[in-house]
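Asker: Here are the chains, one letter per residue:
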Amino acid sequence: MKKLLFVQDKSPHGSIAGQEGLDAILMGSAFADCTVLLLEDGIYQVLDGQQPSSLGTKNYSVTYKALFDYGVKHIFCSETDLQERDLKTDDLLITVEPQSDDQIKKLFVDHDVILSF
Amino acid sequence: MKFSINVLGAPYSSQASLSALRFADAVRSTGHEVYRVFFYHDGVYNGNSLMTAPQDELDLNARWAKFALQHQVELVVCIASSLRRGMLDKAEADRYEKHSHSLSSEFTVSGLGQLIDASLQSDRTVIFSS
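Chains G and C are the protein sequences, given in the same order.
Under my numbering, the first sequence has 65 at position 65, and the numbering climbs by one with no breaks.
Under my numbering, the second sequence has 52 at position 52, and the numbering climbs by one with no breaks.
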């Protein structure tokens, strides 16, 4: 089976890219072996305690919790991105596995299809 | 080789649509296959039948339609992205009791499963983002 890597690299709410990207991940996980990589500002997608209701947008971050139930085995991020944003994995809503730059390069090599939004 | 193309950028606002179209032409003219063109995010606006380009500019909607007819390639717009942005075919317009529809008949409304299927069936998936 082909391995799909979904890359989310934009912060939530400022654009709909993250929300529509998440829809694609949910659909992909029903058909294929899927891995998620939260890159750069994409890490903010899963920041705990989001309250976007005052913006008039939906708090879709909670849907990330369902990804493991849908068969997504790994959600990765960059340890450099965490450091640069002064974030710790405890600040996040779900279990995310920080990776070194070399490990991230390997993710791109090891997957058959890379989808970013 | 079998290619699928994902268009994420709105026509004219970004170069995504034009680049995707030129890439699709290049794929065909070099003897390869386009399995499917999937329009997602603002890319769904490429299906807008009301698009009216100045006479000396390319009409992207018409060019996509021509490409699809010429090469028998599916043009699929994501239903969730389309509905949000008011890109409805006749059936959806009727279902939601809207006064008119906006999607060209050469484009098909379907789900994200078509994007995943295209990625799995094709040798290469190429994304044109804004």
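Please note that a few of the clues may not be correct.
With a cut-off of at most 20 Å between alpha-carbon atoms, the simulated PhoX-like pairs for lysine-lysine come out as follows [what the hints assert, rightly or not]:
#, chain 1, residue 1, chain 2, residue 2
1, C, Lys2, G, Lys2
2, C, Lys2, G, Lys3
3, G, Lys2, G, Lys88
Selected chain G positions facing chain C (Cβ under 10 Å, derived; list incomplete) [what the hints assert, rightly or not]:
#, residue
4, Gly14
5, Ser15
6, Ala17
7, Leu26
8, Pro52
9, Lys105
10, Leu107
11, Val109
12, Asp112
13, Val113
14, Ser116
Source of the hints: derived by calculation from the structure; they are not laboratory data.
Please read all numbers here as calculations on a predicted model, not as lab measurements.
All C-beta atoms in this analysis are idealised placements derived from N, C-alpha and C, irrespective of residue type, glycine included.
Asker: Report the numbers of all earlier hints that the structure fails to satisfy, in ascending order.
Answerer: 3, 4, 8, 9, 10 and 11
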